[in-house]
Amino acid sequence: MTDIDVSRLAASGRAGEPTELAGRARRFGVWYYAETSLRSMRAYLWTVVAVGVGQPLFYLVALGVGLGALVSANGQTVDGVSYLVFVAPAVMVATIVAAASGELTYPVMAGFRWRRTYYGPAATPVTPAQISLGHLLAVTLRFVAQAIVFWLFMLAFGATSSPWSWLTVPIAALSAVAFGAPLQAYAATLKRDGMAFNFVQRFIVMPMMLFSGTYFPLSTMPTYLQWIGWISPVWHGTQLARWASYGLREPAWLVVVHVLVLVTMAVVGAALSCRFYTRRLTR
Amino acid sequence: MGGGQANATRQESVSCAPYAAVVTSEELVIRARGLTKAYGDFVAVDGIDFDVRRGESFGLLGPNGAGKSTTMRMIGGTLGRTAGELSVVGLDPETQGPQVRAHLGVVPQQDNLDDDLKVRENLIMYGRYFGLPRSYLVPKSAELLEFAQLTDKASARVDDLSGGMKRRLTIARGLVNEPEVLLLDEPTTGLDPQARHTLWDRLFRLKEAGVTLIVTTHFMDEAEQLCDRLIVIDKGTIMAEGSPAQLIRQYSTREVLELRFGSQRNAQVVAQLEGLAERIEVLPDRILLYSADGEATLERVSGAGLHPVTSLVRRSSLEDVFLRLTGRTLVD
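Chains A and B are the protein sequences, given in the same order. Using the numbering used here, the first residue of the first sequence is number 1, and each one after it goes up by one. Using the numbering used here, the first residue of the second sequence is number 1001, and each one after it goes up by one.
Honestly, the hints are just simulated from the structure, not real lab data. A few of these clues could be false.
Covered by chain B, according to a simulated footprint, are these stretches of chain A (three or more residues, beta-carbon under 8 angstroms) [what the hints assert, rightly or not]:
1. 16-26
2. 111-117
3. 146-160
4. 213-226
Derived, one-sided and incomplete: chain A residues facing chain B with beta-carbon distance under 10 angstroms [said to hold, decoys possible]:
5. R8
6. L9
7. S12
8. W31
9. Y32
10. S40
11. M41
12. Y44
13. T47
14. A50
15. P121
16. T189
Note that CB positions come from ideal geometry on N, CA and C, so glycine has one too.
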């Protein structure tokens, strides 16, 4: 065993003044936690890549080309565009929101309970609220990357025509945060196990995916089912994405409403999440 | 930092009056007065007072549930207090948590290493939480791995480490910001004897290097090994305070004679043992006779016609102090 100079190890003076360290953590703590979170994703990087590449490919082929051929067989169009153009931006939003339902449930439970990875940073100058926002930031970056890949596939399939179609990227990411942030807050309140997430998956995510006007316009559904769309971030995101992708004629006030709903859900969810993380890590 | 001068002053004051009643606030790393934490009706920490001086190794000895971890978490500011005063490096951990934690290294009771990251990455990513740049962290993590005897495990997965290795990595992680104070909550619980000795050796070196150690433990041998001074706590209150030697001198005899007559007979012979030792404690499996000279006491026991199945003479330990103070053993 080589002997090392422990006094230099303990206090070499290279680390800097604690006040300075605390100041840096106050300013950049969110990013510091996001760094760890992103690096942890490397453990399942290939899943993320496979999902990111496979999903758009499968969906665009199956729905746009396969189902689309059926829909257009009689020279029919949906909303004045081909089925592929109609469905692509919607599927983009839906798949990325679905990714949020994975990233902001079980990993949150793991951080508090299974692997206790939130407790390490909680003992440093980084605050619980920064841990919460850092986790959200890291997964948001994943959503952005996933959305870019999807958008490139849309371009390759000729599934989008507007020069503004790149806006679908931030729209899809915002939709995922609008759904994910409240979900993260909810996950932070769970004490025992992740069984509740099965409920979320079956009774919230599933209906949301089916009744948010993804595969057909919401207006074709009976009015008594349309409310599911109105409260669904997937529907608001989908309408915005269609507006950006092929110029869906949406009144200006409704575009504003879509943005406001998504932003409000994201902000309220993140605020609650900060609060619940703080409560849980300081009790 | 003006360390030289401050150091000289400290040396002087220590050598002049080792147990001086007046300690300047400069030298106190932690000062607690009436520190209390209650959860509803349950009082986990009940108005305790203690001081920790710079560079000393301070212990909180007590059984599970005595309030040790609660106290540690209040020091780190990850738990608010119900009442009392607490100052850590001159700051209030409840309102200035991040500033206080920038001075601290924390080794929690339950390992919370990130097993998605490699061994070395665990140190580097943890250092990032202190805003430390990679240019500092890369060489620092190499030194810390050397110290933790984990250099050849740098690229290993955390899952593949033994319990002792994980503890050493957690300690190395706690040192990444070169803290003035290292908080160690039950550092060797669950480790085998050899791993414990390796760990004690590492901690002893840190203490020599001037790091203030605050250790909670329910192992009396650990407290004896590591602590210059300790408080014995039970049910949230302080039962005694002093150095291990002082506590033993004050609350126990020099030696202890342990006798076993078999679980049936232990209770019967107690009456016959009365008067043979300064104090007698009857445990479920053995009888403890406290006296200055254990061998002499054993002779008197044989002289009285009593023949135990086994007998053992040993030095008094903190375990005996705890038994005397609370009537209970530390580890049930």
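Comparing the hints with the structure gives:
Check on the stretch 16-26 of chain A: 10 of its residues sit with their Cβ under 8 angstroms from a Cβ of chain B, so the three-residue criterion for coverage holds. Restraint check on the stretch 111-117 of chain A versus chain B: 3 residues with Cβ-Cβ distances below 8 angstroms, three needed, restraint holds. Residues of the stretch 146-160 of chain A lying with their CB closer than 8 angstroms to a CB of chain B number 0, which falls below the three-residue condition for coverage. Restraint check on the stretch 213-226 of chain A versus chain B: 0 residues with Cβ-Cβ distances below 8 angstroms, three needed, restraint violated.
Interface hint status for R8 of chain A: upheld, as the beta-carbon distance to the closest one in chain B is roughly 8 angstroms, under 10 angstroms. Of the supplied interface hints, the one on L9 of chain A holds, with its beta-carbon coming within about 6 angstroms of a beta-carbon of chain B, less than 10 angstroms. A least Cβ separation of about 6 angstroms between S12 of chain A and chain B falls short of the 10 angstroms threshold, and the interface hint therefore holds. Because the smallest distance between the Cβ of W31 of chain A and any Cβ of chain B comes to about 9 angstroms, under 10 angstroms, the interface hint for this residue holds.
Here the hint on Y32 of chain A is kept, as its CB sits about 5 angstroms from the closest CB of chain B, short of 10 angstroms. Interface hint status for S40 of chain A: upheld, as the beta-carbon distance to the closest one in chain B is roughly 4 angstroms, under 10 angstroms. With a cut of 10 angstroms, the hint placing M41 of chain A at the interface with chain B holds, because the nearest CB-to-CB distance is about 8 angstroms. Hint status for Y44 of chain A: holds, given a least beta-carbon distance of 8 angstroms to chain B, under 10 angstroms.
At its closest, the beta carbon of T47 of chain A sits 13 angstroms from a beta carbon of chain B; the interface hint therefore is violated under the 10 angstroms criterion. For A50 of chain A, the interface hint is violated, since its Cβ never comes within 10 angstroms of a Cβ in chain B; the closest pair sits about 18 angstroms apart. Because the smallest distance between the Cβ of P121 of chain A and any Cβ of chain B comes to about 5 angstroms, under 10 angstroms, the interface hint for this residue holds. At about 19 angstroms, the closest approach between the beta carbon of T189 of chain A and any beta carbon in chain B exceeds 10 angstroms, and the interface hint on this residue is violated.
The earlier numbered hints that this structure contradicts are 3, 4, 13, 14 and 16.
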